[in-house]
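Given chain A's structure and the hints, the job is docking chain B onto it.
As you go down the protein sequences, you meet chains A and B in turn. For the record, in the first sequence the residue sitting at position 337 is 337 according to our numbering, with numbers rising by one throughout. For the record, in the second sequence the residue sitting at position 114 is 715 according to our numbering, with numbers rising by one throughout.
Hints listed in this document are in silico derivations from the structure and should not be mistaken for laboratory results. Treat the hints with care, as some may be off.
Covered stretches of chain B, going by a simulated chain A footprint (3 or more residues, C-beta under 8 Å) [what the hints assert, rightly or not]:
#1 605 to 618
#2 934 to 943
#3 1008 to 1018
As a list, the in silico EDC-like pairs of lysine to aspartate or glutamate whose alpha-carbon atoms are at most 16 Å apart [claimed, not checked]:
#4 B/K825 x A/D332
#5 B/K928 x A/E514
#6 A/K593 x B/E943
#7 B/K921 x A/D601
#8 A/K331 x B/D1156
#9 B/K613 x A/E98
#10 A/K375 x A/E98
#11 B/K681 x B/E807
#12 A/K4 x B/E769
Derived CB-CB ranges, DEER-like [claimed, not checked]:
#13 A/K331 x B/E672: 48 to 54 Å
#14 B/M641 x A/K4: 55 to 61 Å
#15 B/N1187 x A/Q498: 21 to 27 Å
#16 B/N1096 x A/A546: 18 to 24 Å
#17 B/D933 x A/E589: 42 to 48 Å
#18 B/N873 x A/R62: 37 to 43 Å
Treat the numbers as computed from the prediction; the structure is a model and nothing was measured. From the three backbone atoms N, C-alpha and C, an ideal C-beta is built for every residue, glycine too.
2 protein chains.
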Amino acid sequence: MASKFVSERNIKFMLYEVFDVESLTKYAYYQDHNRKTFDMVLKAAIKLAKDLLRPVFEEMDRKQPELVDGEVKVHSAVGKMMKEFGQGGWITSRVPFELNGEQLPHLVADVCDFIFQAANYSGHAYAGLTAGAAHLIESFASKELYDTYVPNMYTGNWQGTMALTEPEAGSSLADITTMAEPTDKGYYLIKGQNIFISAGDHDGVENVVHLMLAKIHGAPAGVKGISLFVVPKKRLTQNGKLISNDVVVSGVYHKLGYRGCPIVQLSLGDGNDCRGWLVGEPHQGLRYMFQMMNEARIAVGMGATCMATAAYYASLEYAKTRRQGRKISQKDPTLPPIPIIEHADVKRMLLFQRAVVEGSLSIIMQCSKYVDLMKILPDAEKEKYHLLLEILTPIAKSYPAETGILSISQGLQCLGGSGYCDDYPLEQYFRDARIHPIHEGTTGIQAMDLLGRKVIMQNGQAFMHYVAELQEAISVAKTFRELEDHAQQLKEALNRLQEVTQHLLEIAQSKGPESFLADAVLYLESFGIITIAWQWLLQGIAIQKALKNEVKKADLNFYQGKMFALHYFYGYELPKTLGLAHRLMNNDELTVKMSTAYFSD
Amino acid sequence: MASKFVSERNIKFMLYEVFDVESLTKYAYYQDHNRKTFDMVLKAAIKLAKDLLRPVFEEMDRKQPELVDGEVKVHSAVGKMMKEFGQGGWITSRVPFELNGEQLPHLVADVCDFIFQAANYSGHAYAGLTAGAAHLIESFASKELYDTYVPNMYTGNWQGTMALTEPEAGSSLADITTMAEPTDKGYYLIKGQNIFISAGDHDGVENVVHLMLAKIHGAPAGVKGISLFVVPKKRLTQNGKLISNDVVVSGVYHKLGYRGCPIVQLSLGDGNDCRGWLVGEPHQGLRYMFQMMNEARIAVGMGATCMATAAYYASLEYAKTRRQGRKISQKDPTLPPIPIIEHADVKRMLLFQRAVVEGSLSIIMQCSKYVDLMKILPDAEKEKYHLLLEILTPIAKSYPAETGILSISQGLQCLGGSGYCDDYPLEQYFRDARIHPIHEGTTGIQAMDLLGRKVIMQNGQAFMHYVAELQEAISVAKTFRELEDHAQQLKEALNRLQEVTQHLLEIAQSKGPESFLADAVLYLESFGIITIAWQWLLQGIAIQKALKNEVKKADLNFYQGKMFALHYFYGYELPKTLGLAHRLMNNDELTVKMSTAYFSD
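For reference, chain A alone in the conformation it holds in the complex (with noise of 0.2 Å):
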């Protein structure tokens, strides 16, 4: 097994170089942290994930969730795992102080979770769906709800879940039927099938809590008739006693990958005795739901990060010790076989994965830099930085989520026949990351967020934030010579990205949004290789100034590493927004004309 997963180098380097998240602890909010506590909890997070997720990332694969007798067993380690992110306060880092939280800055948690996922990303999302359910609850429903769910979930005693699928209702929410019957009582009776529900039953908590989505009888159709429900697995009785909720596991998935958490079927009310409890008004189910489902999507986007970042160390580390043929100049078959390190093919390979692990988790501490922001300036200013986030978070998810798997397929090629083999952990890797363009919204709904919502939303002010944004970043790498060349290609991918955009809005205009969406997915692809691009350059910018100072030689060859993978990115990935250019720019609606019949053979 491969022993480094992350790069605690890089981490820091994110966090006190790029991000600079000291200056968080100039606010009030944050101002009982500092750089010393910070440095704790990232090495409390490195030792958590060595000792307790690392070592059973791979039983936890072999030995799959199995559905015996009604309960989903899963890997004995799970139960231990909730403890320990409970108990260690991992579950409500993000929580503040006045709710037992530990009112962490969401770039350190973030980055703590993307060592924990690193380490064992089926292991962590226990935790992770608990934190998001929890949250939600905090946020929209009465104190009650609260105090009888959330106290048990922050310990880590009971699971929460995002129950939102249904056999005829993935993709498409408006189509949802789980029905909620209003009683007199305080609670709904929910009658309903759900399919696809991560960790939506098992047997290493005492109990799971279900944020449900139901239509209340009598509910308008569509989106505008959901609401939210809290529906636990057990319910207390007023003895505080936990009974049968008539929450019944129909069915657990064997996956692909991922296969350390278990996904599950539930069916509700085949005894017409399950309750639930309205989070918040009715009818605002959707929107409320929005709030986990949009942490959710950027957690994604940091569970595709952390696979494909962990794919590459291993790797690496394979490719520095695999000795195989020689340098292309020196085919003498008498001289030892070297390092296949020092083949340029195979530092294509890495700088590659390096390229995109990197670009990626830096897009994903934007985010987390963007939410916290939120937490701490004023009302006025928030607007910005909630505009930026509604229109990075389909990137957050997509870029990683589709790129991760090809980055991860590379690390696997490194390895050639043994990258295939069970030996080593690629193959996991590979399986496991195919998830990622699926779950919380395909890489389709995110290309349709993307352009068909968020490009347009407020008159373009998000799309107007985020060209600005990068603006801002092209002006100060331009003072950099190192820079100055990456400045100018992101200058004239960012002026082709608007020239697309605009070309599309007038298809929109022209031809209606079926042709405007058609090629949504290409749209995507290249707005996320230019905003990595732009993180990229970020980093450029942390590194150059670091240069100016004398460095170790140890820093030296760090800084100068992620110089060679910011010009692979620019040399490499950047350029193929031209080819997606080129297709955007067309006309031909190919796809809305391809008839069903013409699929007939």
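Frame of chain A; chain B shown alone:
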């Protein structure tokens, strides 16, 4: 389980309309065949695929081969398949009449393999490897060796393998250390280790015949000292009894996919009693092996095409039946949901798959046709096709291998969460297909073969033939109004490829071979896309010719669908060469200059 795994309509279109296989029957060698016999053969292949191969496609994956008491246990269907492939004449389909074969054109025999592999790749691998190994013996070994081994291989009683990978010699064959000690009894004593041997041992056959590389004691270092041997698992005594030949199975790999066929580790001569028989001349082993290797490389491209083809039909079937969401322009939630195939983005994913799989099949069949032409043309005309095959082999291997994975991934994406679960076959295709960029020479090896050998061989003669073939297709296409634009696009892309090639040759001169080959994989990718664009243009020409006559409604839909796939390829895929060319015209030697020390953190 999806029912359709190939399109008979498309197969016949390719065979009869694009590659005009009937024209081959005008030549003496193929004169005993005609369209009627071809159709019968195809029918029989489809029946065998449906009856024998397809039903166990999943089961062979779920119950993977295990090493039990020194022998690899495989699914019970394997023995039956080998017998059917032997008795049905499928192993000998390309073997001349005089050796009791069927003497079918490669075009037809290869299409039959396409059908088998689309039904169950692992299931056909046993027979495919046996045919290749037997062909190697037939081509280079003595009559005695032929008589001892080949008849039993042709009947499917004995398995053939290609054994050329060792623990310290994967991509670098120069480092082979398996030794062959001459004896005075006509055989050599073999000692060494082999790894990653497909079908290297199993209980579905009576014996296994390894075509194995080894070095005769005292041979020159490197590839010049490699000889080829027949090394059976069991050898025949003078009484015709099979006894152990000291070939020990030291392990079976547990793999990501391709699980229906075992890949094993062999230990040879631990008891100093492993006998091998020299094939042909000493030290000529690599040259001989490359006959089988080149066939195997195209076969890998074929296998990748097969998996992606079957995956395409599985996702198409799902997209036609799964209802979800509404037209973007009709969001009324009271309307019934539409089949997802009606969403433009789903059509885009399906068109991508179709463009890839039908383009990949086309380049494979183009190679088959060249092999056939080499069989029937006078020597003076053969050289051109030999060179075309040489330059197209790395493309025919790597384009389907690399793009097939992306195609399957898009197929999986069409199914959303269901695609990630093993209730549908997509997840298996996704695992199975990942082997193809690795076995029989990684994509990196193919790239160096293309740019470092094939493009420059015989003063660029192969490349010039390639350019001429494309130019011919372009000039024919220009005579059809529907193809004019695409002909022009291909012309421009070909010009760009020539410029890039010229640029790289100058780099070779000025900066040496390492810089020349550093981005060979990008060159291969670009070359591959342009090659498939050419193949689509050839298909376009066949379609336009057909449309000059009156056609039935079903045929019209078929041709129209193919035209859309053609437009898709030119609209979405060919533009990718813009970004690739942009990178390839660069001079920065980024990956050459990147130092290992920079990968330190």
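Hint check results:
Figure legend: the stretch 605 to 618 of chain B, annotated as covered by chain A; annotation consistent (3 residues with Cβ-Cβ distances under 8 Å, at least 3 required). Counting residues of the stretch 934 to 943 of chain B whose beta-carbon sits less than 8 Å from any beta-carbon of chain A gives 6, enough to reach three: the coverage restraint holds. Closer than 8 Å: that is the beta-carbon criterion, and the stretch 1008 to 1018 of chain B has 5 residues meeting it against chain A, so the requirement of 3 holds. Simply put, B/K825 and A/D332 have alpha-carbon atoms about 12 Å apart, close enough for the 16 Å limit, and the pair holds.
A threshold of 16 Å between alpha carbons decides the hint, and for B/K928 with A/E514 the separation of about 8 Å falls inside it, so the pair holds. Taking the CA atoms of A/K593 and B/E943, the gap is near 10 Å; set against the 16 Å cutoff, the hint holds. For a cut-off of 16 Å, the pair hint linking B/K921 to A/D601 stands: about 13 Å separates their Cα positions. Restraint check for A/K331 and B/D1156: the C-alpha separation of about 55 Å exceeds 16 Å, so the hint is violated.
Distance hint between B/K613 and A/E98 is unfulfilled; the C-alpha atoms sit about 73 Å from each other, more than 16 Å. Pair hint A/K375 plus A/E98 holds up; C-alpha atoms about 15 Å apart against a cutoff of 16 Å. Of the supplied pair hints, the one linking B/K681 and B/E807 holds, its CA atoms being roughly 12 Å apart against a limit of 16 Å. For the proposed pair A/K4 and B/E769, the alpha carbon gap of about 25 Å is over 16 Å, so the pair is violated.
As the Cβ distance of A/K331 to B/E672 is approximately 40 Å, the hint placing it in 48 to 54 Å is violated. At about 60 Å, the CB distance of B/M641 to A/K4 agrees with the hint of 55 to 61 Å. Look at B/N1187 against A/Q498: about 25 Å separates their beta carbons, and that is inside 21 to 27 Å. In this structure the supplied range 18 to 24 Å is violated for B/N1096 paired with A/A546, their Cβ-Cβ distance being about 45 Å.
As the Cβ distance of B/D933 to A/E589 is approximately 23 Å, the hint placing it in 42 to 48 Å is violated. The hint said 37 to 43 Å for the Cβ distance between B/N873 and A/R62, and at roughly 39 Å that hint holds.
Against the hints set out earlier in the document, violations occur for numbers 8, 9, 12, 13, 16, 17.
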